[in-house]
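**Student:** Here's the letter readout for the chains.
There are 4 protein chains.
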Amino acid sequence: MIVQEGDLVLLYFSEDRHYIVKVTRGSTYSFNEGVIRAEDLLGRHYGEVLRTHIGVKFRVVRPSLLDVVYRKFERRTQVIYPKDAALIALKAGVGPGSRIVEAGTGSGCLTAVLAYLVRPSGVVYTYEVRREFIEVARRNLRMLGLEEYVVFKEADVREGIEEQNIDAVVLDLAEPWAVLHHAYKALRNGGVLACFLPTINQVERTVEEARRTGFIMVEAEELLERRYKVRRGETRPELRMVGHTGYLVFARKP
Amino acid sequence: MIVQEGDLVLLYFSEDRHYIVKVTRGSTYSFNEGVIRAEDLLGRHYGEVLRTHIGVKFRVVRPSLLDVVYRKFERRTQVIYPKDAALIALKAGVGPGSRIVEAGTGSGCLTAVLAYLVRPSGVVYTYEVRREFIEVARRNLRMLGLEEYVVFKEADVREGIEEQNIDAVVLDLAEPWAVLHHAYKALRNGGVLACFLPTINQVERTVEEARRTGFIMVEAEELLERRYKVRRGETRPELRMVGHTGYLVFARKP
Amino acid sequence: MIVQEGDLVLLYFSEDRHYIVKVTRGSTYSFNEGVIRAEDLLGRHYGEVLRTHIGVKFRVVRPSLLDVVYRKFERRTQVIYPKDAALIALKAGVGPGSRIVEAGTGSGCLTAVLAYLVRPSGVVYTYEVRREFIEVARRNLRMLGLEEYVVFKEADVREGIEEQNIDAVVLDLAEPWAVLHHAYKALRNGGVLACFLPTINQVERTVEEARRTGFIMVEAEELLERRYKVRRGETRPELRMVGHTGYLVFARKP
Amino acid sequence: MIVQEGDLVLLYFSEDRHYIVKVTRGSTYSFNEGVIRAEDLLGRHYGEVLRTHIGVKFRVVRPSLLDVVYRKFERRTQVIYPKDAALIALKAGVGPGSRIVEAGTGSGCLTAVLAYLVRPSGVVYTYEVRREFIEVARRNLRMLGLEEYVVFKEADVREGIEEQNIDAVVLDLAEPWAVLHHAYKALRNGGVLACFLPTINQVERTVEEARRTGFIMVEAEELLERRYKVRRGETRPELRMVGHTGYLVFARKP
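First to last, the protein sequences are chains W, Z, X and R.
Just so we're aligned: the first sequence equals residues 1 to 254 in my numbering.
Just so we're aligned: the second sequence equals residues 1 to 254 in my numbering.
Just so we're aligned: the third sequence equals residues 1 to 254 in my numbering.
Just so we're aligned: the fourth sequence equals residues 1 to 254 in my numbering.
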């Protein structure tokens with residue numbers, strides 16, 4: 001496979017130093033390790049070893065979905081971590097053909113994950129009240145060629161969800177409880193509600209309101225991610241970890 | 001949507017009591033709450049409230065992917081938890097069209113998640129040495145209509161991986177280090193290696209061997225899942241939790 | 001050191017099987033491993049290997065403070081785990097000579113730990129409204145010879161704390177917020193308030209009330225204890241763990 | 001109670017800003033909030049509100065043991081966290097009169113906790129090979145008036161432990177396994193071995209060697225401490241946490 005105009009490319013120098021760039025003819029990329037021109041990359045095979053202008057070696061690597069979403073997306077908001085996005089997507093059964101409603105869009109990180117999974121026949125309807133966030137998210141999704149699987153809606157989801165027979169409703173909002181009756185109506189039977197919530201108070205209120213609305217199988221949980229520093233005979237967890245990202249609430253429409 | 005012959009149906013009595021059954025003409029299903037006949041279910045709308053022969057109410061609900069995989073699959077082995085399966089799938093970029101190699105198949109829980117995500121144009125090649133596990137996994141996948149996206153290979157993955165240009169290799173094996181050079185060869189540039197490992201010693205050995213084999217961006221981590229008991233004014237974590245499922249190791253082919 | 005009448009003795013058969021008994025002349029102790037008479041134990045050296053009547057070997061071992069408190073105390077209530085008792089004691093600066101107020105007494109597990117630490121010149125004033133719990137706790141403390149360091153008070157701590165110039169007030173109550181003004185008055189300058197709280201709602205209310213009452217350095221936290229199964233080449237965390245015991249709130253009187 | 005020459009005093013400005021100083025006639029203490037002279041403090045009652053030279057109010061508060069140990073001790077080494085020190089002390093049954101062996105001394109933080117608890121009749125024998133650490137630890141202990149309960153031994157504990165009939169041996173060493181036979185000999189029956197270990201490999205080797213040496217009730221565990229940010233309606237765990245301090249191994253001499 002060959003590097004082409006418009007590709008997102010991971011330039012790998014070492015375990016601590018790797019960068020993602022978009023290859024656009026005429027561009028130059030400067031790092032501590034030296035300068036690289038887009039023309040140095042175009043037409044090269046992925047996997048090749050090249051050198052910067054001062055001779056430092058690097059590898060040309062195809063980045064993963066998460067590399068682009070979490071390292072290259074423009075961010076205007078707090079974003080959902082991969083561990084949480086992954087569990088939301090799987091528990092909500094998001095896959096090819098799924099029809100998903102999301103609110104709010106934010107920077108579009110979760111939107112991108114969902115859009116990636118529903119291709120080619122599914123769709124993500126994403127609600128956001130702040131137009132500038134929609135523009136950011138749209139640019140982000142375009143970077144990955146996922147824009148066509150997303151319907152951006154500049155609207156307050158608290159005023160209603162127009163879609164019907166939806167497979168999952170994913171809420172990353174300050175007050176999800178105000179949207180649950182709309183979510184209920186929009187979902188198909190067995191459809192999944194998934195909420196991401198920073199505080200335990202939001203969890204309490206959301207779970208209560210979900211039960212009142214008629215949702216079943218209401219669950220609240222959180223994931224703690226612990227990274228390890230692995231070296232022969234000196235293996236231990238990392239000294240610092242993220243202590244909290246958010247709680248997750250799941251429920252089903254009966 | 002209407003319940004049809006062959007459907008998997010979730011019969012919901014209460015938050016603590018719900019069962020999944022396969023609707024096959026002539027079958028009867030017995031629970032503490034009473035007996036239900038397949039004919040009571042066929043032709044009903046999902047979401048309807050029905051009654052058992054002794055009058056206990058229940059709802060007919062469409063189960064989720066995970067309901068079926070984790071509650072209905074026949075199990076012969078330890079299975080990977082949803083939290084781990086979800087992160088493996090997302091970090092490995094598994095989506096529509098992905099070409100994945102998995103070993104070993106085990107009961108096919110992870111196979112099912114991967115197959116669900118690669119539809120309709122992707123494929124999961126799954127290696128397993130024990131024929132009886134392959135048969136179990138095949139029956140399990142068939143239950144979800146996912147069999148056609150999987151190539152079951154009765155073979156020892158330590159002797160080689162035949163596939164080329166693979167997007168991700170997912171290993172749930174006692175000695176993954178013995179397979180890493182095969183995985184490396186099978187992967188495309190930027191392709192992801194994902195390993196599930198019960199002991200820290202396996203992590204140490206796998207990480208070392210991955211580095212030696214030429215993999216980059218080698219990471220080891222684990223996820224802890226904490227469930228909450230939520231009631232207004234009495235919210236707290238569950239008193240018991242799963243203390244350990246397994247460690248995850250991820251790496252990329254450069 | 002020699003086993004004497006009245007001693008608490010740990011009879012060690014194997015890592016999975018060990019029992020604590022009180023040696024009282026004339027008693028017999030029956031286990032799956034056979035019968036032991038008190039007379040077999042009296043006068044023996046701690047550390048000796050003996051045999052039951054059917055010949056199974058065991059060791060006579062001096063139990064630790066925690067062995068007795070957590071395995072031999074009569075329990076009528078939920079008890080505070082060692083991890084929590086330990087941090088409470090240390091953060092509250094409990095040591096020889098400390099004057100501590102505790103409420104409620106419950107089964108006296110925490111009382112015993114505190115009493116053990118304040119010897120010989122300190123004292124634990126422990127409030128409890130239910131007389132039967134006081135009797136249980138008194139018997140438990142007597143077992144360890146710690147009764148003389150404790151003043152049992154059959155009183156509702158919400159109606160006031162009589163003591164003054166106290167080093168620490170330790171609360172294990174359903175509604176600690178109702179006692180904070182009394183605790184504040186009873187504490188010396190720099191004295192520590194420590195609360196054990198099962199729900200997050202109690203934490204919120206206690207922290208708020210502590211700030212309002214004038215306490216400073218108000219902190220809320222929890223400890224998660226993870227045990228490991230250690231075997232050469234097969235080391236991993238235990239599969240099950242306690243997911244929650246309680247939250248801890250600490251504060252100081254300025 | 002009145003501030004006296006030589007006192008350690010906590011100057012409390014706000015929840016985020018408080019400092020510990022030693023009151024020595026003639027000293028001045030400078031902070032962002034202004035300057036304070038020792039003479040401003042001497043003779044004042046603990047608890048009084050005073051002002052800096054620019055008029056910022058503060059409280060004079062008696063610091064706790066941990067305030068001094070963890071914020072005022074001179075540090076030359078990694079130190080054991082309070083959560084770990086607390087559990088070690090309690091599981092080892094450290095209390096008034098205990099005779100404890102510790103190695104290595106390091107900066108003396110754990111030594112101070114142990115010495116505080118064994119007063120007035122107990123003693124901590126602490127081994128350390130590096131003379132400069134002994135001097136640091138001695139100065140630190142003197143600050144708290146705990147020096148007299150400690151015997152500092154400039155010696156390599158791997159060459160032997162001279163003491164006999166010891167209640168607990170506490171090891172914070174890179175290679176504790178090399179000391180276990182000495183620890184075994186030094187301990188009384190039922191005496192506790194407690195080890196603090198940064199890596200899982202050390203745990204594996206220590207547990208194995210402890211079993212081989214004849215220790216019983218060998219346990220390995222770790223404590224995770226999670227702090228909360230508590231505000232009415234916005235309560236959640238802190239976003240960052242310490243991901244790892246060290247593992248703990250406990251065992252008994254039978």
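No lab work stands behind these hints: they were computed from the structure.
Careful: at least some of the hints might be erroneous.
[Unchecked claim] No more than 30 Å apart at the CA atoms, straight line, and that leaves these computed lysine-lysine pairs for DSS-like:
| # | chain 1 | residue 1 | chain 2 | residue 2 |
| --- | --- | --- | --- | --- |
| 1 | R | Lys57 | R | Lys72 |
| 2 | R | Lys185 | X | Lys72 |
| 3 | Z | Lys185 | W | Lys185 |
| 4 | W | Lys229 | X | Lys229 |
| 5 | W | Lys185 | Z | Lys153 |
| 6 | R | Lys229 | W | Lys229 |
| 7 | Z | Lys229 | W | Lys185 |
| 8 | R | Lys185 | Z | Lys229 |
| 9 | R | Lys229 | R | Lys57 |
| 10 | X | Lys72 | X | Lys153 |
| 11 | X | Lys57 | R | Lys72 |
| 12 | Z | Lys185 | Z | Lys153 |
| 13 | R | Lys185 | X | Lys229 |
**Student:** Next step is simple, just say for each hint if it's right about the structure.
**Tutor:** These are the hints, each one checked on the structure:
no., hint, verdict
1, Lys57/R <-> Lys72/R, "holds (22 Å)"
2, Lys185/R <-> Lys72/X, "holds (28 Å)"
3, Lys185/Z <-> Lys185/W, "violated (50 Å)"
4, Lys229/W <-> Lys229/X, "holds (20 Å)"
5, Lys185/W <-> Lys153/Z, "violated (44 Å)"
6, Lys229/R <-> Lys229/W, "holds (28 Å)"
7, Lys229/Z <-> Lys185/W, "holds (26 Å)"
8, Lys185/R <-> Lys229/Z, "violated (49 Å)"
9, Lys229/R <-> Lys57/R, "holds (25 Å)"
10, Lys72/X <-> Lys153/X, "holds (23 Å)"
11, Lys57/X <-> Lys72/R, "violated (52 Å)"
12, Lys185/Z <-> Lys153/Z, "holds (18 Å)"
13, Lys185/R <-> Lys229/X, "holds (26 Å)"
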